[in-house]
Amino acid sequence: MSRIKYPSVLFILFSIVLILIDQMSKAFIVKNYDLYRGVAIINNFLSFYHVHNTGSAFSFLADKEWGIYVLTAVSSLLALGVLYLMIKVSMRRDFLTAGSLMLLFSGAVGNLIDRYRLHYVVDFIRFDFGSYTFPIFNIADICAVLGTILIICILLFLPKRIDNLW
4 MSRIKYPSVL FILFSIVLIL IDQMSKAFIV KNYDLYRGVA IINNFLSFYH
54 VHNTGSAFSF LADKEWGIYV LTAVSSLLAL GVLYLMIKVS MRRDFLTAGS
104 LMLLFSGAVG NLIDRYRLHY VVDFIRFDFG SYTFPIFNIA DICAVLGTIL
154 IICILLFLPK RIDNLW
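Take 4 as the starting number for the sequence shown in the working numbering and just add one per residue.
Hints are supplied without guarantee of correctness; some may be wrong.
What the hints assert, rightly or not - Calculated cross-link-like contacts (lysine-lysine; reagent style DSS-like; alpha-carbon spacing at most 27 Å):
| no. | residue 1 | residue 2 |
| --- | --- | --- |
| 1 | Lys34 | Lys91 |
| 2 | Lys163 | Lys8 |
| 3 | Lys91 | Lys8 |
Worth flagging that the hints you see were computed from the coordinates, not collected in a lab. Everything numeric in this text was worked out from a predicted model, so none of it was measured.
The task is simple: from the sequences and hints, build the whole structure.
See the structure below:
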């Protein structure tokens with residue numbers, strides 16, 4: 004089996020695919036569901052429910068008119084930093100760490116596109132647990148959370164991978 008000459012290209016391509024899946028799923032929701040409307044996938048548990056989030060996770064800064072601009076700026080800088088690290092790590096052939104950064108980058112860019120283009124993020128995946136509704140999210144959020152969990156696991160259980168980064 005030959006070695007991949009430019010592994011960072013593969014991670015960038017995977018990121019593009021995840022970003023496209025995120026954007027296509029949001030476009031589908033916007034086209035097919037009115038705002039604050041949805042459809043049950045699994046009754047009383049999982050539904051697609053169209054909402055706009057002008058904040059970040061758990062609607063942080065959503066009530067601030069300037070919040071979307073701060074979040075867009077911070078997200079842009081973080082996405083560039085994560086992209087740099089993803090390329091650096093993949094060139095060192097640390098594919099687990101590069102994969103976690105790829106997920107984080109994809110999630111950041113998926114929501115960044117919404118913030119830049121729409122001034123809000125389209126969220127639509129809703130879980131209900133009895134009378135409790137988990138905060139509504141999207142595919143980009145899933146990528147960002149999975150990437151973050153993987154990075155935390157690497158930090159806890161494989162810290163030499165991170166030490167070698169610097």
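Do the hints match the structure? See the list:
| no. | hint | verdict |
| --- | --- | --- |
| 1 | Lys34 / Lys91 | violated (39 Å) |
| 2 | Lys163 / Lys8 | holds (24 Å) |
| 3 | Lys91 / Lys8 | holds (14 Å) |
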